[in-house]
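For the protein sequence lines, the chains are A and B, in the order given. Just so you know, we're using numbering that gives the first Met the number 0 here: the first sequence kicks off at 0 and counts up by one. Just so you know, we're using numbering that gives the first Met the number 0 here: the second sequence kicks off at 0 and counts up by one.
FYI, nobody ran anything at the bench for these hints, they're computed from the structure. Built from N, CA and C at the ideal position, the CB exists for glycine as well. One or more hints might be untrue.
[Stated by the list, open to error] Partial list, derived from the structure: chain B residues whose beta carbon lies under 10 Å from chain A: (1) G37; (2) V67; (3) I278.
[Stated by the list, open to error] Every beta carbon over 10 Å from chain A, so not counted as near; a handful from chain B, in silico: (4) K68; (5) R237; (6) G274.
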Amino acid sequence: MIRRTLLATAAAGLTLALGAPAMAQDDPTKACFVYVGPIGDGGWTYQHHQGALALQEEYGDAVEIAYQESVPEGADSERVITQMALSGCDIIFTTSFGYMDPTNNVAAKFPDVKFEHSTGYKREHPNVSTYNARFYEGRAVVGHIAGKMTETNKIGYIGSFPIPEVIMGINSYYHHAKLANPEVELVVTWAYTWFDPAKEADAARAMLDQGVDVITAHTDSTAPLAEIGKEDGSAWGFGQASDMAAFMTNEDGTPGPRIASIIDDWSPYYIKRVGQLMDGTYEQIDSWAGMPEGEVVIGEMNDAIPDDVKAEAEALIASIETGEYHPFTGPINKQDGSAWLAEGETAKDGTLLGMDFYIEGITGDIPN
Amino acid sequence: MIRLEKRPQPSKTWTVATPILAVVLTMIFGGIMFGLIGTSPVEAIRTIFWDPLFHPQFANFSRPQLLVKAGPLILIAIGLSIGFRAGIWNIGAEGQYIMGAIVGAAAGLALYPMESALILPLMIVAGALGGWAWAMIPGLLKVKFGTNEILVSLMLVYVAENILASVSSGVLRNPEGMGFPGSRNLAQWSSSQNLDLIPGTGMHLGVLSAFIAVILAYVLLTRHIQGFNIRLSGQAPRAAKFAGVAPARIILFCLGMAGALAGMAGLFEVTGPAGQVSIDFGSGYGFTAIIVAFLGRLHPVGILLAGLLMALTYIGGELAQLMLGVPGASIQLFQGMLLFFLLGVDVLTNYRVRFGAGEVA
């Protein structure tokens, strides 16, 4: 009990002693970003940084941005976030799941600074908001393309970790591939990493050797595309997180291994939230936006995709963007054959966010 | 002509002076590097070395953080230095650190949500045992089969990292964590939390243990027969054998000690600053501690100072990124320079620089 009291006193003391500079900060509004990778990673962190740059561009001198790259999750991130709050940041975006507890811990000590945590679910204090994007909407589109493009009727998915986010992507990808091509089979390979080019390439190679000819990745590097490229036009893949346009066309002008991509575009969200902070309409939220809001974008499709498939994909994109189609619309059964969604029924967000089951037709088990 | 002439004895003066010279050289060449990327060198060096200690806005927070960052480095480096003195090259402290955290956290979590003042001490013992046991693998293999402890201990780091990934998303996963990898937050469970002993000072049990380890290591190496045996084994293995020192006992003692200290460091980290067992828990302390041990000349007091200096470059480096917008890679380069110069000027300890024409050998 004594320890707890001491902790509370310490937190209060820290706030009194150190909270002041943040409050004293006037214009411009300072937006700070904590990145898990280097800004040149070409994927996850790169896209967040593009969002930060777009924010700067939008508001010019009214906004000042600062960032720190390659911040390890855990103890180091808590210190980095605290230093940002001390340095006068008005709003701090922490852009990786592992920053969840540190973000909430620091938020408790700086009630006047706004904290925005990406991909987490803890909002323990009124100044903590969370934001994520509906990537499964993008998976639906590439799933449809994969179902149409496969010659061997075997498509692949490189999973990072068996968490709801990834399970959701697998289900959406498979469901739409199956709608496009009832013969399709899905192979899932777990890489147990978010970013490790060597492991990602190994996972892609293992699937290609099994006869899989269309692969999507839930990891961040371009290594799977490079591996797929070695098949010389008999296998295809997708850009993940960023456009990965370098793989769109081969040097000889033929279509490259990247036939389309799922792009995370965080700029609309960053511009909206900092704008709200400046005009006083900012409130705590749990944001989960997707293709309608422009946060999930399908990158340009290359010429490996036949025109009729392109047109179908465009129509699917349009129907998701207008909100008339939800990628999880019944009838869909669970893997064990039990009913999940009835005809015309759409999935609830709560079910998706805790998704721990495959849908009917996927073989294999979710690890653990 | 510049010649190097081997000294009959390593120079006492240069042993002390070379680390300082290395830091000065790092400041000069680091300053040039910052200048080349368009940052004021003076401002960059000041931000890294001065601001964490004296900046009016940050210092109240970053001074305690120096202890938090230096604590595990010192604790691990002390253990390693004892082995290095004896010529036992344990490169796998990172693995021992991870295993200590896993075993210690598992021992505590098995009792969750019981509340007892005995849980944290139990976890500390379990953490030390976890690290000790992991270090015993290269130890026993070396004693029984003559394997190379450098390779075995290093390879076991990768094994430990995979065990960490497995338990984070398996047996130790937080049942209330919505399926995400990572254990319950040990810093938020009052029975297991390792908080600052005096709030706001950064002085948690791990830092205190590091200071105690410095004192005990000093006593061991200078006042105890086992310390003499260790130094003798390193400097003159044959003489040590004639003096009746059993090499196997020295090997197991040194590896076991280093493993136990690294395991404790892991446990203190997982119950305090890190808070949970997660896939990214291993943050390289075990490897950085090797640098700290050598930067501190394998001397306990030197290690204490080296650990604090290393922590300063980390925290100062973070401030420089935030305040001056220098890229993260430039900070790593800066730290690399420090190690490079340290190893480079080491030549002055063992060699004398002679100018003028050399005699023909």
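Hints violated by the structure (numbers, ascending):
Violated hints (numbers, rising): 1, 4 and 6; every other hint is consistent with the structure.
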